[in-house]
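Engineer: Sequence:
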Amino acid sequence: MQTEIANLERSRNEIACIERSQYEVACIERSRNEVAHILDYLGDEVEHLQLNTWQLRTLSAIRRCRTSALGGHIDACDRCGVVQISYNSCRNRHCPKCQGHKREAWILKRSEELLPVPYFHVVFTLPSELNGLAMYQPQVVYDSLFSSAWDTLQSFAKQQGVTMGMISILHTWGQTLSLHPHIHCIVPGGGVTKNGVWKNIRKDGAFLFSVKAMSKVFRAKYMKELRSKLEVDKSLSEQLFSKSWVVYAKKPFGNMHSVTEYLGRYTHKIAISNSRLLSVDKENVTFSYKDYKAAGKKRTMTLSNREFIRRFSLHILPRRFVKIRHMGFLSSTWKRKKLKELQKKLLVEIRPNEKQTLHRKCPCCKKGTLITIEVFAKRGPPSALVFGGANNAFSCKQ
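Mapping the sequence shown onto my numbering, position 225 (from 1) lands on 225, and the numbers just tick up by one.
A few of these clues could be false.
[To be verified] The list that follows gives simulated cross-link-like pairs (lysine to any residue, SDA-like), each with its CA atoms no further than 25 Å apart: (1) Lys199 - Lys243; (2) Lys293 - Arg311; (3) Lys229 - Lys250; (4) Lys335 - Lys243; (5) Lys251 - Ser147; (6) Lys97 - Ser178; (7) Lys243 - Trp173; (8) Lys97 - Leu314; (9) Lys243 - Val232.
[As the list claims (entries may be wrong)] If you anchor each label on the Cβ, the simulated ranges turn out as follows: (10) Lys243 - Lys282: 49 to 57 Å; (11) Lys290 - Glu129: 47 to 55 Å; (12) Asp78 - Ser275: 29 to 37 Å.
Think of the hints as simulated: they come from the structure by calculation, not from any bench.
Please read all numbers here as calculations on a predicted model, not as lab measurements.
Note that the Cβ used here is the ideal one computed from N, Cα and C, for glycine as well.
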């Protein structure tokens, strides 16, 4: 099996399509540089990077994504008749090529849950002293980050007599793939009272709570949560309490519809996208990054293939770990029962979202829907179709 994977046809810089005189198969040009290319160059060396089995399985899925190793399918447009032959995706949440339609579907769903209230963006960041612990106990470290961030916000909200809501998204990386655990939180600027009535916390446009105050409370709550699950070394504890923790907050969004657009930047991001890879060869990879210490100036960095994959693997989350969480009145339990009632009280016109993702839209006419007419294993598409069996298919003339 390893030999087959190592010998996969890897001309990813060419157009993955088949053309015949009787019809034309729609095609998609692949990126010239991909994380999968780096894995191809490394081959079996990946197994010597001291990664766990789950990380190795994830890297294997990324490497085989949209290749003959996963088989494929043949789609036809129900409007223009164009035929598209595609290799199957791995659908792994860490894959640079499998996040687009998931992000679109998630954002469409969230747009149905908006309220006509101010929304704020808050970021809770763990200090670098916890990076070592995050490498070996990621489940505990990241679970504690979610719960302590929520407890911090809710402790301030209780003083106002309300229950807040929060959508939180975990990111574990910095621009150079270093370990930098933090969560992005989208927080409505108010909460629900015991009587189910909405109450705004601030009306002057300023942020909900003092960032300095939140930082101290966040530090205390996180350490309490962590100590309840692990034995924390005394010297590490002293280091963590001796420094200020970072809580960053932005001013309210302009309107509730801009919230979903903003969320799209964060929801299904991965450690690095293929578009940032500038060059890949047998030894090294060069990629671009933003240097926030220099006002976001663009720079480049070159790493060995081994070091790049080692850093990339730091951001492979534990199996079944939930990286997007909904808290308070935005939790799934609360939304099922009470969200629509709250929207009616706030005079929100509830309409089913008619907009659909483009995942199954025809890339040729942009109007039709792709219908799967055949699936095939890693041997490839049926020869009858490739060599003239699709008499009813039409070339894309758009």
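Engineer: Is it true that Asp78 and Ser275 lie within 29 to 37 Å of each other by Cβ?
Structural biologist: 32 Å, holds
Engineer: I want to verify a distance hint. Is the separation of the beta carbons of Lys243 and Lys282 within 49 to 57 Å?
Structural biologist: 42 Å, violated
Engineer: If I claimed the Cβ atoms of Lys290 and Glu129 lie 47 to 55 Å apart, would that claim hold in this structure?
Structural biologist: Distance hint for Lys290, Glu129 is violated at roughly 24 Å.
Engineer: Sort out whether Ser147 lies within 25 Å of Lys251, counting only the CA atoms.
Structural biologist: Answer holds: Lys251 to Ser147 is near 23 Å, not above 25 Å.
Engineer: Holds or violated: are the alpha carbons of Lys229 and Lys250 at most 25 Å from each other?
Structural biologist: At roughly 32 Å apart (the allowed maximum being 25 Å), Lys250 and Lys229 break the hint.
Engineer: Hinted pair, alpha-carbon criterion (25 Å max): Lys97, Ser178. Please report holds or violated.
Structural biologist: 21 Å, holds
Engineer: Between Lys335 and Lys243, is the straight-line Cα distance small enough, at 25 Å or below?
Structural biologist: Not OK: Lys335 and Lys243 at ~38 Å, beyond 25 Å, violated.
Engineer: Checking one constraint from the list: CA of Lys293 to CA of Arg311, max 25 Å. Satisfied?
Structural biologist: 21 Å, holds
Engineer: Decide if the proposed pair is consistent with the structure: Lys243 and Val232, CA atoms, cutoff 25 Å inclusive.
Structural biologist: Holds. Lys243 to Val232 sits at ~17 Å (cutoff 25 Å).
Engineer: Would the hint linking Lys199 and Lys243 be met if the CA-CA limit is 25 Å?
Structural biologist: Violated, at about 35 Å.
Engineer: With the threshold set at 25 Å, check whether the alpha-carbon distance from Lys97 to Leu314 stays at or below it.
Structural biologist: 19 Å, holds
Engineer: Given the hinted pair Lys243 and Trp173, is their alpha-carbon gap at most 25 Å?
Structural biologist: At roughly 21 Å apart (the allowed maximum being 25 Å), Trp173 and Lys243 satisfy the hint.
Checked against the numbered hints above, the structure breaks hints 1, 3, 4, 10, 11 and satisfies the rest.
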